[in-house]
Structures are given as C-alpha cells and as structure tokens.
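Protein chains in written order, with the UniProt record's numbering: chain A, 1 to 88; chain B, 1 to 588.
By construction, these hints were calculated from the structure, which means they are not laboratory data.
Heads up, simulated DSBU-like pairs for lysine-lysine below, C-alpha to C-alpha not over 30 Å straight-line:
1. B:202 <-> B:57
2. A:6 <-> B:323
3. B:96 <-> B:13
4. B:96 <-> B:57
5. A:39 <-> A:6
6. B:269 <-> A:39
7. B:415 <-> B:202
8. B:323 <-> A:39
Some chain B residues close to chain A (C-beta under 7 Å, calculated; not the full set):
9. 326
10. 328
11. 329
12. 330
13. 336
Glycine residues also receive a C-beta, built at the ideal position from the N, C-alpha and C atoms.
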Amino acid sequence: MITPTKGLAPDRCLLAVGAQVLLQLDEPRTVSQAWSRLKSWRADQAHTSPVSFEWFVLALDILFAMGAVELDQDVLVARSTDAAPSER
Amino acid sequence: MLRRLSADDARFKTVDFSPGLNLLVADTTSSSAETDSRNSAGKSSVIELVHFLLGAKSSGSLATNRALRHITFSLTMDWPWQDDPLEVRRRGDSPKVVSLSRDVSGVSADTLFTDDQDVELSVEQWNRVIERDLFGLDGDHPGVSGRALLSFLIRRVSAHGFNEPTRTFSRQPAAEASSNLAYLLGLDWQLVNGYRELNARKATRDQLRKAVNDPVWGRIVGSTADLRGQITLAEAQVERLRAQVAAFQVVPEYERLKERADQVSRRIKQLAQDDVIDQHNLEELQGAVTETTDVEVSYLEPAYRELGVILNDQVRRRFDDVKAFHHSVIRNRRRFLEEEIQELTDRLAARRQQRADLGEDQARLLRELAEGGALEALTALQTALGREEAALGALRHRFDAAQALEASTRQITAKSLELQQAVDLDLQERRQQTDEAILLFSRYAQRLYGEGREAYLAIEAGRTSLNITPRIDADDSRGINNMVIFCFDLTLAVLAHRHERGPDFLIHDSHLYDGVDERQVARALALAAEVTEEEHMQYIVTLNTDTLSTAAQRGFNPEPHIRSPRLTDDDEGGLFGFRFKATGKAKA
Chain A
1 MITPTKGLAP
11 DRCLLAVGAQ
21 VLLQLDEPRT
31 VSQAWSRLKS
41 WRADQAHTSP
51 VSFEWFVLAL
61 DILFAMGAVE
71 LDQDVLVARS
81 TDAAPSER
Chain B
1 MLRRLSADDA
11 RFKTVDFSPG
21 LNLLVADTTS
31 SSAETDSRNS
41 AGKSSVIELV
51 HFLLGAKSSG
61 SLATNRALRH
71 ITFSLTMDWP
81 WQDDPLEVRR
91 RGDSPKVVSL
101 SRDVSGVSAD
111 TLFTDDQDVE
121 LSVEQWNRVI
131 ERDLFGLDGD
141 HPGVSGRALL
151 SFLIRRVSAH
161 GFNEPTRTFS
171 RQPAAEASSN
181 LAYLLGLDWQ
191 LVNGYRELNA
201 RKATRDQLRK
211 AVNDPVWGRI
221 VGSTADLRGQ
231 ITLAEAQVER
241 LRAQVAAFQV
251 VPEYERLKER
261 ADQVSRRIKQ
271 LAQDDVIDQH
281 NLEELQGAVT
291 ETTDVEVSYL
301 EPAYRELGVI
311 LNDQVRRRFD
321 DVKAFHHSVI
331 RNRRRFLEEE
341 IQELTDRLAA
351 RRQQRADLGE
361 DQARLLRELA
371 EGGALEALTA
381 LQTALGREEA
391 ALGALRHRFD
401 AAQALEASTR
411 QITAKSLELQ
421 QAVDLDLQER
431 RQQTDEAILL
441 FSRYAQRLYG
451 EGREAYLAIE
461 AGRTSLNITP
471 RIDADDSRGI
481 NNMVIFCFDL
491 TLAVLAHRHE
501 RGPDFLIHDS
511 HLYDGVDERQ
521 VARALALAAE
531 VTEEEHMQYI
541 VTLNTDTLST
551 AAQRGFNPEP
561 HIRSPRLTDD
571 DEGGLFGFRF
581 KATGKAKA
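The following block holds chain B by itself, in its conformation from the complex (with noise of 0.2 Å):
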C-alpha cells in the first residue's frame, strides 16, 4: 500500500494515497489557451516517480532532469511484515542509491542500534529487497525480475506500456514478458522462462550462422567438411611425429661420438695417400731388382777427359775404379733391395690391417650416429609433437563448434517442441490456477460490458513463448483494447497478491481512459473500487476532470475517492509546482 509521495522541495505537491481506489485529478483552468494540454500537469510524473522510487533505471529518468535532479523524492509505504510504514528517499544527482527510513534489507547491520536510522542501499541492493518482499522472490530467478513485474502494475506511457496487454514495453520480447506473466498468474515461470533461454540460444545461434557464412569471419569456425579432412591430416602427422619420438634412442655423448668418426674418416684417408707412396716406391725397388745388365758407359771417359782439368783437381778415380767399386759395393744390393722390399711390403700390409680396423670402426660409429640422436634432437621432435598437437585440438573444438552449430537448429526445433509439450501438459494440470484467471478476467469484462459480451483470457502454449490472449469480443476500437489492459491488469494484480506473489497496488495513468466510452469509464472505476475493497488492496489512476465528470454523470460518485492535491495546468498548479522542460524520453 503506498501511503505518500513527497519531495524535499516546497514547490511539489505531496501525494497523499489511502486504500483502495485513489483518484488523482487534472483540472483544466480557464488560464489554459488551447494549444495547453493537461499533459504538463504532471499526472504521468507520479507514475514516473514512483517507479524511480522504486529502483528504475535512471538514465532518462524524470528525477535526473536538470531541473529536477537536486530534489530528494520520497515514497512513504507499506511494508510487508512491518509495522509502521517505510519511507524510501531516491534523488536524480546520486542515483545509484536509495536510503530507506529503515533497514528491511535483512542484511545483517554493521551497528546494533539502526532503528530510525537512515539506511542506504545501492539500487541493485533495493531491487533484491523489492523482488524478495514485495514479489516474494528468493535467489535466483532468472528470466523474472521485479522491475519487469512492477511494469505490469504500474504501467508507464513514456515505455508504451499501453499499446498490449502483454507488453510493458514497446519492444518487450514476448518470452520475456510471458515469463513475468506467468509467475503473476501463478504458472511454473520456470518451465515457461525456458522459452526465453530458448530464443536467446536461437539468437547466438544466428548471429553464429552469420559469422560463419561471412566470407571472412567464416575461416574461424569453418564448415565440418573441411574441418573433418582438415582434422584427419593433422592426426596422421601427430602419429607420424609420435611414431618417431618412440622409436627414438638417445645416444649419450653424440658430439663426441660425431668427432671420433670424423677422425677416424681423415686417418683412412691419410693411410690411403701414404700406401700411394708406399706403393710407388716399391714399386721402383722391384724394377731395380729385376734390372741386371749394366750398360756400357765407355763414351764417359773420353767425354770427360775434355774437361780433364776440372775432374783432375778432385776427382782422384778413374771411372774404372769407381765402376769396380760400385760393382763391389752393390754386389749384395739385392739383399739390401728385398729388405726394403719387405719392409715397404710389411708397412703396407699392416696399414691394409689398420685401414680394416678402422673401417669397422667408423662403420660401428656411423650406424650409432644413424640410429641415435642427440638429446637436443629429440626435445626438437617432442617440441613439434605438441605443437602439431595442439594444433589438432584446436581444429577438433573448431570441427565441435562447427558441428554443434550445425546441429543447433534442429536441436532448437527439438527442444522447443518438446517445450511446448511440457507447458501445454502443465497447463492442463494446472486447471485451478488457469481457471481462476480466465474466470476473473471474464468476470471484470462482463462487468465492464455486460454479460451479452464474449470475453476471455486465453493461455496456450506456443512454439516461442507462452501466448497469453486477453480479449473482449468486439469491434477493436482503441477504447475496448484500453479496457481490455484494465481488466487484465486487474486480474494479475489481485491474483498476485491473494497468492502473495505481489505488492497491494496498481496504478494506471489517465492515459488507459483516454478513447473510452464514459459509461464503461464509470464502470470501471466502480468495478475498482469495489475489487479493491474485496481484496484489500490500492488501485490507484490519474484522471482529468473532464473524464472524471462524464463518469460521474454515469451513477459514479466519485468524491470519496479523490484524493488531494488537484493538479491543474498552470503554471504552479502542477506536481512540482514550477515549469521546466522536459528533455530526454521521459515527459512530465
């Protein structure tokens, strides 16, 4: 129950509310030219400030206007489970906090003594509060919020929340509000609400398919077929790297190994070169051996005794005796000769053996060095094993990703199916709860139009949301679809709250009368004030006085139910009692 709605500034008319119906009314004043429209009056503004009051956003805000935002709002109310009402302060410049008269948050306090004391909570804190208490929502709920359900019994103009039924808003996703609908009316919001993760999953859905069918973005995810073909190379070089890895031995000192085969190479090619030598010179010793026959060398004597004089001085030998010597020295040269020959023979055999050593030797070497590697050079081939295999895992989440985004769709077609089935099968079961619904609605419609209309609520599960049809048979006109919101809203507003799942009030602005017939005007306001009564609860409407008089002339009386001030269209008759100029979406 909202008790009062007040301002810090002397200029603003505070709002006094009582139960039941609360008529808050515009006057038109014979000041006001034609072009004036009772708009100014600020009939839209209380709706505007208690849903500030009551943890709105503020961006746009009416309260965070220029004119407006150093002014503290305050709502007095009601509290469940309290005993004295709750005054709840909010101003535009720090809009990011509330301060309550009194801590209800249940948030255990930091002092002992916090009875009248000021409490200040952040906004997301006092939407927590709001939903826990007034909604009797604990924990999570994903999908209901108490902003979305206080949307429903405070509609707002500047939202277009009178354009539906079952909008609040203009672009409100029918999930959305379907799942908010259905906790008001006491459905399983939980099984409903499954209709919004389902659109949601929908729209990732097809923002994915978009990127994937972009030429660019696409090579990021790919198509499964490529990805499969993709997926199987890679794994064949994964197998071919681990194979190797495996088979890989570690030979210890490799570089050392490497240095003695290499030495080992340049010494075989050095023994080569020496048995060419080797092999020449004795080569040479086996002709000299076979050479027997001495030539004749007469022609030496006479040759040289021309130059007599030169040998005379040392040369102290005829060449006969020098022949004879030599003949006599060499003599046993054969035997000088083959000792050579031997030798050279024995050296060249023995590096025929030595060249054989280590020819195995460099063999044993080379095949170690083949089968082997160094240690540098397995971490080498471990290293481009995890990375082409990370590659490969790669390449399987894109190939899962591509996958399940082409499953998705006809997951999504499945589940939503078998979602429809699910809430259509609770519905059934949910007779009473559904009947109770429809029965109300029909009833206030048929109050409104008499009992020759037709008028229904339907509830049926659909494929994208559950589908929620208020309707009274008739010729659509603007007025009877005003009238329809009015009836609905008031079916949720009391169901809500005889099931405890909601605040005591509803407050609807002038805004829902405007087109409709007076008579059904009249009606409704009696059909309110009587609800309200029944169900001790608060309907609370701002009206002009000219819709107000029509009504009246219908049998309603509407003078117990007015409440002060009267708002009118001057220029200090409004709510805050100055002009100023509204900017933003919000309007006064």
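Isolated chain A (complex conformation) (with noise of 0.2 Å):
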C-alpha cells in the first residue's frame, strides 16, 4: 500500500502519490487545492489509475507522518526533514 505490489500500480502507492502532492506544495496550499492541483496534475501526467480523495488524504498522513508535511492555520506546507527534529 504504501510500496508499489503485484495489485498497486507504482503511480498510486502512497509513497508516489505523496511525492506527488509535494510537487503541488511548491507554495502552501489549501487542502482543496492540493487535492485540485493533484488530480489536475495526474490527468496532465496521464496517471489513469484512480486516486480517491480518501487515498490522497493517506498519502498526506504519511507525509505527515514522515514529518514532510505540516499544517500550519490549515494550510499544508511543506518542510525538509532535516529541518525539523524528531520528537522521539
């Protein structure tokens, strides 16, 4: 799910689409407008394979989670990992 297997094509594992929403969040963006660019961006790129709005909200979990992401006053910006200390 999250790596590309015999049943996940390799532009639609969450680790892909997560890359994908990066390359939206060139600027902060909204969370419609992520979610807009993203699908205009794959239909550009002819990704056919579907991409529902519950999976790309995966995919920001986790980037997120990876600590790639932010939401600062609910707008999603992007962060370098390095950047940003682990918690743990």
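Bring the two chains, given one by one in their own frames, into a single complex with the hints.
The structure is reproduced here in structure tokens:
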C-alpha cells in the first residue's frame, strides 16, 4: 500500500502519491487546492489509475508522519525533514 | 408417250415403243430347262428401268445391281408442249442425278445457249418436273406425289403392286393411296388428303399415349389432374414471391447502416459496464459520508512500540499527532466527498441520457434494416421469382400438352366424322366425275365379261379413308381380281389423260395376266388396243409367247402390236444380253 505491490500500480502507491502531492506544495496551499492540483497534474501526466480523496488523505498522513508536511493555520506546508527535529 | 428404252451397253436390247398397244414378248427356247422360268428374260426389268428413269428411289433398284451400275440407261419419250422427244439418262453408280437431252425444268438456265446441251437435274428436281408436266401438279401438294401416281400407271411386281387394285405396294396406307387415286379420278384430293392427315395425327397421338402410359416416360408429361395440382402450388409460390418483391424497399448503403447499428450496440454495452463501476464507487462514497464515528486505535501504539526501532528511523511523528493531522485534513472531507458523489451522479445521469439517445438511434437503425434490404437481396428475390415463373410456365405447357392429348381422341373422332360428311357431300356434288369413272369401269368390265356380269366402281366416304372399291361380280378367282386391276388401271389412265391430270401411257407386267382365262386375255388386249387408239394413248404390256398364242387363238391378232425385240430366256436373249445375279429386293 505504501510501496507498489503486485496489485498496486507504481503511480498509485502512497509514497508515489505523496511525492506527487509534494510537487504541488511548491507554495503553501489549502487542502482543496492541493487535492484539485493533484487531480489535474495526474490527468496531465496520464496517470489514469484512480486516486480517491481518501487515498490522497492517506498519502498526506504518511507525509505528515515522516515530517514532510505540516498543517499551518489550515494551510499545507512542505518541510525539509532535516530542518524538523525528531520529537522522539 | 414412251419412244425408246436403250442403254450404252452394246448387249442391251433397245426397246422401241409406238402409240397404241405395245406387246413386249418373251419366248421360251428349246434350250430352256424345266427349271428355267421366263422370268429371267427381262420383262419386269423393262418396268423397273422405266421407273428408275422416271425418278424412282435408287436403293435396292435393279440399276444399282453390281453388274449393271456402270451402264447408262436412257428413255426417250414425248414431253408435253415439246415438239421433239426428250431423252432421260440415269446410271446406277451416280443415281442422284438424271441427265436430260433438253432443259424442260423451266428453271432459268445459267447460259443462253442450252439447246442440244445435256442438262443435269437432281432426282428431286426431276420428280418435281414430272409432277408438274406429266400430272399438272404445281406448287405444294401434300399427300399426292408423282411417284405414287406413276406407281398406279406402272405397277411393279417387286412392290407387290398386283395384290390389290387400290394399292401400289402391299403395305400402302389406304388413306395415302386414296389421296392419289382421288387425284387421278378428278375428285377433291385435298379434301381426301384430310384422311391422311388425320391418320398421321392419330398415329402421333397413339405414340404419345403409349409414352404417357409408360411409367418412366409418363412423368415427362403427366396427367392433367396431377399437373393441375402442381400448377396451383406453383402459382401460390409465384404470387407470394411477387408480393415480396413488390413490398421490398431498397435501403441505400445497407452495409454502412448495419455497421453503424453494430457500433451503437457496442457503445451501449460499454456504457453499461462503465455504469457498473461508477455505481460501485458511488455506493462506497455514500457509505464513507455516513460513516462518522472514529474507531479506537489506542492498541496501535503499544503494538508499534515493539517495532519502535524500525519506525523510529522514518516515522518522526507520534500516532496522536498523525491522528490530529488526519482529522484536521478531513474536517472538510464531507464537502470533497459530496463533490465526488455529485460528479459520479452527473456522469451516471449523462450516461443514462446517452444510452437513451443511443437506444433510440439503434431502434431506428434496426427498423430500417428490418423493413428494407440491400439491392443484392432484392436481386436474389427477383431471381427466385423468375425461376418460379419459368417452372410455372413449363408446367402450364405440360398441362396443355396433356390436355391436348386427352382431348385429341374426341377431336380426331369428331374431325373424322366431319371429314366423312364433307367428302360425302363433295362426292354427291361431283356426280359427273364419279359417274364418268363408274361408267367407264363398268364398260370395260362388260367388254371383258359380257353384259351379264355386274361390275361396278363404288366410291364412298369412309371413316378413315376414301373407299374406292372396283368390283366385278364373280367367284373371286385370281384371274378376275387381275382383270379388275386391268379395268381399274385403264379407267384411271384414261380419265387422268382425258382431263390432263396424267400422262398418256399405261404399263402392265405379264404377271397381271397370270391365271387369267385366255378369253379375257384376248378381250383385254383387244380392248386396250381399241381404247388407246380412241384416246390417243399408249398401253405397254409384257407377255409370254404362250399367253399370247392362246389369246391369238381366241381371235386376237397380236402381230401389228408386237414390238422388237423378242426376248428369250437364253443367256444372251434377255433384255440385258447377259446373265447376272440378282441381289436385293429387285429381281430381274
């Protein structure tokens, strides 16, 4: 699910989708904007496998868990992981 | 009038004829053995040769005998409307042509100077000329032929011509003989010929009848009852096809339409599949919208803590933080889901519309396809119709044939009654002609047998032919019968010549006098001499010397009438001057 498997296309695994989301976050954007930009980007790149909103949220969750994005006043911001110190 | 019978063979005894009675005499010589007969002297050969020169068929004829075929025979005779006698020549080895010393055919000659030139005619042409000039038959005259007429004036032993007065060969159909006799007697031969035609029709009908009754061949025609049924079926079939052709609408570009209909149905199927997927997604989304409760995930943390080493490297956030993040992200998920639901719903609705449109399209296409057809289909239909119509036509022809066959029995019977009546009426109206013949015949008969004998010539319309019955009342001896033939032939010849329907000669073979009482022989010869002189005719008869001498004893003087040569039955005394082996039917 996170990495591609036999039943999961490489352009649809959560890591790939997460990378695609990161591409949209060159500027801080709202969730809606990120979602709609992802959809249009995927259409432009001819990534036809279905990505639902739920799936997009899961990708965001992973990015957040890895400390790649943060929600700052309801706006998604991409962070360099090196800059963010581990809380553990 | 015949003048001379000769040949280019030196041994042949040239026979000269003159007007009136001509006696050709054959002698018995001392060298004759008991087994010899005078038949080898050549008396009958004279008659055969005259026939041959007057256009008889060559097959089996005496002149085509191997010993004689190289000899050119010739007959010199007077020809109507010609001052000089005409010479006819014909050879056995080229029997298809006759050569004439002068062109009497009347056919326009190729050259202007045909005088004294030999003219070659085919035997058919020669026969036409004989029919025209000797018998006055011009143009078409079915049923009457010069050959048949000549056979009455020159009877042939080889054809059994002396068996019956009214036949010239033994199996001559009565109807055929009577047409020719009617012509010689001056009756309406064309009417009488109707008998011959009816007989021919009857024979044809009998043959057909036989064919129909044959189990195999009968199927070719069949019975009217069977055919009527078959025709009814075939007519129905033709009618059905014709209606189909009439109702047929040719659809242009039929193939393209069909292609399009296929496309539409494929598209409809595709749409239905897409709907199934979208419908499934929609249901899932709707489920997600209504799902509100968050499940307890506290067991996650202790479970993952065990794997802390692994997670520690990569995952920097605590579950709680992720959960908080998640919740804040999906705070508005209902809106997004609604959006997706809306989108799917719209898509489904659009598809429903599209499907409806396509369905309508498909229905229209299918209707067009069902109502009409391509041009090829129409052509095929028309071909089938043509075939059925031809079959029907054939059946109708067979029906007509079968009907004609069934009807013709009645028709022939009716026709023959009709004909009988017509001929009967015609005979009544021709009393003069029949009376002339009857009086002549009875005069001749009474000259032979005296006033006491009843002799008559009955001419009556029969069912199948004109019945001509010459009769001299007597004890049916062979002699009497022969004299009936003599009187009848003399009557025919005289009547035909008087009224320009026949030539001026009559020829009899010595066989006619076999078994005739010597008194009658004498009287017959005297009568012939008298009649030929009166009528300016010629009677040629071959006789044996003993017949002649007994006749002479009865007061007939033959001397003025005997023509050279006198034939004998020696090796060299016969007509041909040598002996040869007779072959085939014809006997020397």
